[in-house]
Amino acid sequence: GAGVSQSPRYKVAKRGQDVALRCDPISGHVSLFWYQQALGQGPEFLTYFQNEAQLDKSGLPSDRFFAERPEGSVSTLKIQRTQQEDSAVYLCASSSGTGNTEAFFGQGTRLTVV
Amino acid sequence: EDQVTQSPEALRLQEGESSSLNCSYTVSGLRGLFWYRQDPGKGPEFLFTLYSAGEEKEKERLKATLTKKESFLHITAPKPEDSATYLCAVQADSNSGYALNFGKGTSLLVTP
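Quick note, the sequences are listed as chains A and B, same order. If you count the first sequence from 1, you need to add 152 to reach this note's numbering. If you count the second sequence from 1, you need to add 285 to reach this note's numbering.
Just so you know, not all the hints are guaranteed correct.
Unchecked claim - DSS-like, lysine-lysine: derived pairs with alpha carbons at most 27 Å apart:
#, chain 1, residue 1, chain 2, residue 2
1, A, K209, A, K163
2, A, K230, B, K327
3, B, K353, B, K342
4, A, K163, B, K389
5, B, K348, B, K327
6, A, K230, A, K163
7, B, K348, B, K364
8, B, K342, B, K354
9, B, K353, B, K389
10, B, K327, A, K166
11, B, K344, B, K364
12, A, K230, A, K166
13, B, K342, B, K327
14, B, K389, A, K209
15, B, K389, A, K230
16, B, K327, B, K344
17, A, K163, B, K327
18, B, K389, B, K327
19, B, K389, B, K354
20, A, K209, B, K327
21, B, K389, B, K364
To be verified - Pairwise CB distance ranges (calculated):
#, chain 1, residue 1, chain 2, residue 2, range
22, B, D324, A, T253, 19 to 25 Å
23, B, P325, A, Q235, 24 to 30 Å
24, A, P213, B, E341, 36 to 42 Å
25, A, T253, B, Q288, 20 to 26 Å
26, B, K327, A, P213, 19 to 25 Å
27, A, G224, B, G382, 17 to 23 Å
28, A, R216, B, E366, 38 to 44 Å
In short, the hints are calculated from the structure, not lab data. C-beta atoms are modelled at their ideal positions from N, C-alpha and C, and glycine is treated no differently.
So here's chain A without its partners, still in its complex pose:
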């Protein structure tokens, strides 16, 4: 597709439920990022993939958060045993390079934990 696609756009989860958020990056993009954006805040880095390799997961807030990109294209962010504080917009971004090149963002998945 022409841009980064994320699904679902909205997800409501009961506390304790597991969720999986999907990201389809721009075709051919090597780098893929996940960010978490709370209301009224800037995005906060979660994790970075270069092709299928997860090179940086320093931003994942706990071991309940797990991300994968097994074939170097589509990525999934999984959150286990969701808690209310996980409610946020989860943004995926991809870029063609591996350095300081511009990243293109998807529209995000808004997760609400009730």
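Fit chain B to the given chain A structure using the hints.
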């Protein structure tokens, strides 16, 4: 620790009233400074990347500049469609070198 601070938090302009948004940063080893625009309910949209002090980039009514401590986003004769949140982010050696460290943004409202 890296810090990115944007000011003001919110700005209201009349159509045609030029102004500037500020992004001050403290990082070790700047790799790039990025400006994004974010509309409600959407992901950030890339505007500019600046790599070194003294660099300037322009796009329509927007002009971004960079010094060793801060960046400015100048908006000349804004229109209502320029209303959005403007985000500044830095990429630096002091973290992994991959992550973008964002400020909280400046919410801009341009009234007719």
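Verification of the hints:
1. This hinted pair checks out: K209(A) and K163(A) have alpha carbons roughly 23 Å apart, not beyond 27 Å.
2. For the hint pairing K230(A) with K327(B), the CA-to-CA distance comes to about 21 Å; that is within 27 Å, so the pair holds.
3. At most 27 Å may separate the alpha-carbon atoms for a hinted pair to count; K353(B) and K342(B) meet this at roughly 16 Å.
4. Taken as a hint, the K163(A) and K389(B) pair is honoured in the structure, with Cα atoms around 24 Å apart against an allowance of 27 Å.
5. Restraint check for K348(B) and K327(B): satisfied, since their Cα atoms lie roughly 23 Å apart, inside the 27 Å limit.
6. Distance hint between K230(A) and K163(A) is fulfilled; the C-alpha atoms sit about 13 Å from each other, no more than 27 Å.
7. As the CA atoms of K348(B) and K364(B) are separated by approximately 15 Å, the hinted pair is consistent with the 27 Å bound.
8. Restraint check for K342(B) and K354(B): the C-alpha separation of about 17 Å stays at or below 27 Å, so the hint holds.
9. The straight-line distance between the Cα atoms of K353(B) and K389(B) is roughly 20 Å, inside the 27 Å bound, and the hint therefore holds.
10. A threshold of 27 Å between alpha carbons decides the hint, and for K327(B) with K166(A) the separation of about 24 Å falls inside it, so the pair holds.
11. Proximity of K344(B) to K364(B) is assessed by CA-CA distance (about 14 Å); at most 27 Å being required, the pair is judged to hold.
12. Our distance criterion of 27 Å between C-alpha atoms is met by K230(A) and K166(A), whose separation comes to about 15 Å.
13. For the suggested pair K342(B) and K327(B), the alpha carbons sit about 24 Å apart, so the restraint of at most 27 Å is met.
14. Taking the CA atoms of K389(B) and K209(A), the gap is near 22 Å; set against the 27 Å cutoff, the hint holds.
15. A hinted pair counts as satisfied when its Cα atoms are at most 27 Å apart, and K389(B) with K230(A) qualifies at roughly 25 Å.
16. Between K327(B) and K344(B), the direct Cα distance comes to roughly 21 Å. Compliance with the 27 Å bound is thereby established for this hinted pair.
17. With a CA separation close to 16 Å, the supplied pair K163(A) and K327(B) stays within the 27 Å bound.
18. A C-alpha spacing of about 16 Å is found between K389(B) and K327(B), which places the hinted pair at or below 27 Å, so the restraint holds.
19. For the hint pairing K389(B) with K354(B), the CA-to-CA distance comes to about 17 Å; that is within 27 Å, so the pair holds.
20. As the CA atoms of K209(A) and K327(B) are separated by approximately 24 Å, the hinted pair is consistent with the 27 Å bound.
21. Only pairs whose Cα atoms come within 27 Å are accepted, and K389(B) paired with K364(B) is accepted, the gap being roughly 23 Å.
22. Between D324(B) and T253(A) the CB atoms are about 23 Å apart, so this pair conforms to the stated range of 19 to 25 Å.
23. For P325(B) and Q235(A), the hinted distance range of 24 to 30 Å is satisfied, since their beta carbons lie about 26 Å from each other.
24. In this structure, P213(A) and E341(B) meet the distance hint of 36 to 42 Å, their C-beta atoms being roughly 37 Å apart.
25. For T253(A) paired with Q288(B), a C-beta distance near 23 Å keeps the hint of 20 to 26 Å intact.
26. Checking the proposed 19 to 25 Å range against K327(B) and P213(A) shows it holds: the Cβ atoms sit about 24 Å from each other.
27. With their beta carbons about 20 Å apart, G224(A) and G382(B) fall inside the hinted range of 17 to 23 Å.
28. Range check, R216(A) to E366(B): about 40 Å between beta-carbon atoms, so the 38 to 44 Å window is met.
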